[in-house]
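Undergrad: As a plain string of letters, each chain reads:
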Amino acid sequence: MPVLSRLGSFVEDGDVRMMGGWLPGTLLAVPLLGALMLLLAPQVLRPFLRTYGLLISGVTFVLAGLLVATFDYGRAAGLQFEVDWPWIPGLGLRFHLGVDGISLPLVALTALLTFLCFVYLCWGRTRDSGPFMSARPRALVFTLLVLEVGMIGTFLALDLLLFFVFFEIVLIPMYFLIGIWGGERRRAAAVKFVLYTLLGSVVMLLGLLLVWVQAGTLDIEALSAAHGTGMSRSVQILAFVAIGIGLAVKTPMWPLHTWLPDAHTEAPTVGSVLLAGVLLKMGTYGFARIAIPLLPEGAAAVAPWLGAFAVVGIIYGALACLAQRDLKRMIAYSSVGHMGFVLLGFATLTPVGTNGALFANVAHGLITGLLFFLAGAIKERHHTADMPSLGGGMLATSPRLGSVLTFAAIASLGLPGLAGFWGEMLALFGAFQPANGLPRGLFLTYMVIGGVGALLTAAYFLIMLSRVTHGRPRDPAPATPLHGIPDSEDEADGMRAAGTPDERLTVPVSSSGRPSATGTLAPSPEAPVGAPGAHGTPVDTPGALGASADTPGASEVLADPPPPPAGTYGASAGATRAPAGTFAASGGMLEVPSGVLQVPGGAPEVRQEDIRRHELLAWTPLVALTVLFGLWPGLLLSLTTPAVQTLLGALS
Amino acid sequence: MIQQIDYFLIAPPLVLALVAALVLLLDAFLPARPAARTALGLLTLAGVAISLAFVVAQAIRGGPPQSTFCVPPNLAGPAGQGPAMCSFVVDQFTLVFAGMVLVAAVVVVLMSMTQLAGGGIPVGEWYFLLLCTLVGAITLPASRDLVMLVVALELLSLPVFALTAMKRYDGRASEAAVKLFVVSVVSTAIMLFGVSLLYGIAGTVYLSRLAAVLSGQMPAPGVDPALTQGPPAVVTVGVVLVVAGFAFKIAAVPFHSWAADVYQGAPVPVAALLSVISKAAGFAGLILVLVVGLAGQATTWVPVVGIVAALTMTTGNLLAMRQRSAVRLLAWSSVAQSGYILAPLAIAATTAQSTTATATATAHIATATAQTTTAQTATTAAQTASATAQGIAAPATTAPLLPEAVSGAISTSMAYLVIYAAMNLGAFAVVMLMSRSSARNELDDYRGLVFRSPAAGLALAFCLVCLAGLPPGLAGLFAKVFVFRELVGGGSGWLALIMAINTVIGLYYYATWTARLFTPTPATSPSLVAAASPLPAPAASPAPAATRPSTIGAPGPTPNSAAEAPLTAEPRTPAESPTPAMATSPAPHRPPPTTWLAIGLALLVAVLFSLAPQLVLDMTSLSPFG
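If you read the protein sequences in the order shown, they are chains D and E.
For the first sequence, the positions run 1 to 652 when this note's numbering is used.
For the second sequence, the positions run 1001 to 1626 when this note's numbering is used.
Incorrect hints may have been included.
As the list claims (entries may be wrong) - Computed spacing ranges between beta-carbons, pair by pair:
no., chain 1, residue 1, chain 2, residue 2, range
1, E, A1049, D, L36, 27 to 33 Å
2, D, S232, E, V1237, 40 to 46 Å
3, D, W305, E, P1064, 52 to 58 Å
4, E, A1057, D, L36, 33 to 39 Å
Hints in this document: simulated from the structure, not taken from any laboratory.
The structure displayed is predicted, hence computed values, not measured ones.
C-beta atoms are modelled at their ideal positions from N, C-alpha and C, and glycine is treated no differently.
Let the sequences and hints guide you as you build the complete structure.
TA: Rendered as structure tokens:
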């Protein structure tokens, strides 16, 4: 039987090539098996479903960590941990996986973000029943695990068709993630998302097949080593355009981006995080892995156009952001702008620009992932993400949330010292001196336009901050329901030890001798004053670094409830808050309780649910990594540089 | 002169014909009790299985193509040195089609057992007609002359009219039967006219001889070669008419309009039969006529096939988008899928043309004569072809004896057809299941199916995703990749682009249907009551203990009940389960165990193809026609 003999060769081949290559396969197998187990033995897993998802994604994350740890950084340019099995000989499709300096950060990012999503989901819903885990938790865990398989597989695949298959695997889970757990107009958004991306990927498939027909192999390794030899210029251009359209839809590039705002607005928090954090990277990664190295001549011919679309995207994204009222929609449009920088970096075809693009890729994954987490948290508390209805004053009502939001926004607008900066800087720098053969004047124009775009980016983020975090909290009625306070878990942990709810409820009444009549209304005049000061602190990089260094401790402090005597509550609350609040606001916020010192419970009364434990757990790594890469970009650049140089071999 | 008939070769259709006669006899003599229905069904199933066993035996024996019903060389006329003239040839092509039809037939028979369990349909006639159709369907790919093709096609078509009308006193069914009848008769007439023109010109009905004459290899009888340059223009008319005749059978545009009404009016098993078995046979005939018989006329039919393919997929998809009825949607989607199957044939022709006419002609002569040596060269050519595809070997072998592009295109069509059969049958089987509980069978009835009946819901979801061509339905994805590869490789980029857009259109309706499966039903919705109430009934009624296992295999009505893997449903319905289920037939909405078996079988094949698409390629890529 041919099948049996093939199976034999399969095993034999596997034995030979499996040396050290078990990691990529396991990275895919763990979430896949985890998902299958959910399908096969649902009853067994039902009781500990939350931990199950966490466990599986945790194992995947640990494996990814192992991958990062055992990666040979001396030869980051080459592919490591290769697996190469024949799958469909008739199509020449091989199950070929591997990691190099370009894909390693993205694999780690995927595993991290998925794990954090599970952290967010699984520890977040222990008490109140949010819309998430209560609505079909098993399906949610299943969907996320399948999504993870697709995402990691895309970054690992070294075969054109295998890449395509993984690229497509992502579609269906994402469709359901938006379509089932999404917002009000989720159906339309999900359909739009899936149709757009499928149209793109089918066109991409045609391009990939054209490459295959012309070059005779599907192996990305061999094809990129060949640097397009054997393909005529016209074929290369055609293939680059076809593949580029598919990738550009996913990225998304400016005229093809219209699915993104809808999808993001309607998607649930974890969906948005994964969509922005990882799925968009699949498009840009495709440029780095397939389009540019395989088709250098085509890339050189199309690059000016790519750059033009990229800068239009930057400006367009920024202008669109300025016009948005919805927070999630604004962040979605900001992704269009950021991806414009990434594409501009690729379009320069220089090692500098490409490095910048890859760096911006990872940074965007971290920062925008964090931003969507925050937007989800805000939407969950206020039941709207409409910025005017949020009413501002978040730094007063929920200072930690406001500070982290400030931090993320500032990181996203590209403040030097945080991760968002280096990618944009390098991309623009690459445009200053594009590769030989590209029109320099044109790219200089792009650079100028991109610089203006960066300015606009700063503008809309600052406007957003001024709308959301600053000012007086307007519309407090829905924001601070009295019964909401005992529910706010983590904060309450400390407080419950301090006093019974009854005591705390009476306290604000006694405090309402102040002119602000409602008593629920928060800020004494000090709060707005304190807020800008608080907002100022995260800019101060050492302070932010200190925050990241302290955060593990902070979570511990929050986790175990210190029972301070009731009388000293104000001080102890400040002390408890201080480590967590070092994100920004500790100094400023300390004034609030002290300002109303005679009202011990006053400050917590005023703020609504601030950051909870699970949110803190999910966000801290992102904050830490943002700061780490911002201060030490070489960490990432040293990984990508050799790989980029081999990848651009023919061009640079 | 007495002809030697190779009975082993004709065993598969022969067995089916004998069983058909047996069924008719038994139906007349067995008492009209419910047990008799089951017995007849099992007998039919056994007949199909034996026939399948013969096909498998022929496949295992392998070797060069076998033929029977040949014209002896000394009677072959003055041009006796031409290709052998055989009516019945068993080669790879025949075996793949026969095997696919018979496996599909097993599913259809299982679905029929459910359909017939409801009563109201004469059982004996049903199975007899079904078996007759199958005889036609597996004779057709083996036919190598025009008359036999027409006869097999009629044998395939005629019983289907009756099957469609078998739901007596049903207005829709009668309408469907009349529509099908009229369309089919017209198409047969058109095709016969075309066949007669071809016969008139070539003076032969054998495809091999026809190819030789039309490509100028042999002189046409009664025509002075010195006077004419090539075959006369009337050949074009003949080719177009024959293509049109087959286009009716496969419901290609512009002969597609009957599809939806007929599918909807007919009983669901008949709709499945039409969409898979009948369609497969139609494609077999089309491929045979075009590629074997009319290869020399490629200039005529290439553009026709290409345009028809593009129109078919576009029209089918656009019409499917607007449907509310599940069966109508499947009808139009299967029209669209016909377009995908047709598309590679346009490439086959283009590339066949690019090689010199003599090369193709000799190749066809060689394959038709089916000598061992040529068969071996053909095999090696195919092997080198696959080797180049793997990127292992050096650049393409130049102009081999066998037009490998042709065989590649045909095997692509066949591969798509095989995969399509599996996934479409799976979808029809679930629709069959649903038709038991909701008479109208609209898409909205499927809302929340995954919660009411996890196994059925997941099975349908998988099949739909397969049809859409997305992971995890890898079978469908790779089927489309095969076709895209042929189109891109064959330089027919425009068709590839049209197909790409169509894939997206198709995704729309498959995805919205799939999404319905996962959308919870509002508790007050009447459709939930209508659909869910029958399900708890058997469990509550004092059913015999023996039926319990089979009913448990069916969905639990609670929305929280565990989703089983689609596959686990299959082993739960053992072979003996039909008997008790049939015995207590009056319960009209009982979850029918045979349908679960059908779903399981179709799904098993679809999953298998998803994991190892190479199996399909192995089956189909080995040098058709030799």
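Undergrad: Determine for every hint whether it applies to the structure shown.
TA: Hint check results:
| no. | hint | result |
| --- | --- | --- |
| 1 | E:A1049 x D:L36: 27 to 33 Å | holds (32 Å) |
| 2 | D:S232 x E:V1237: 40 to 46 Å | holds (42 Å) |
| 3 | D:W305 x E:P1064: 52 to 58 Å | holds (56 Å) |
| 4 | E:A1057 x D:L36: 33 to 39 Å | holds (37 Å) |
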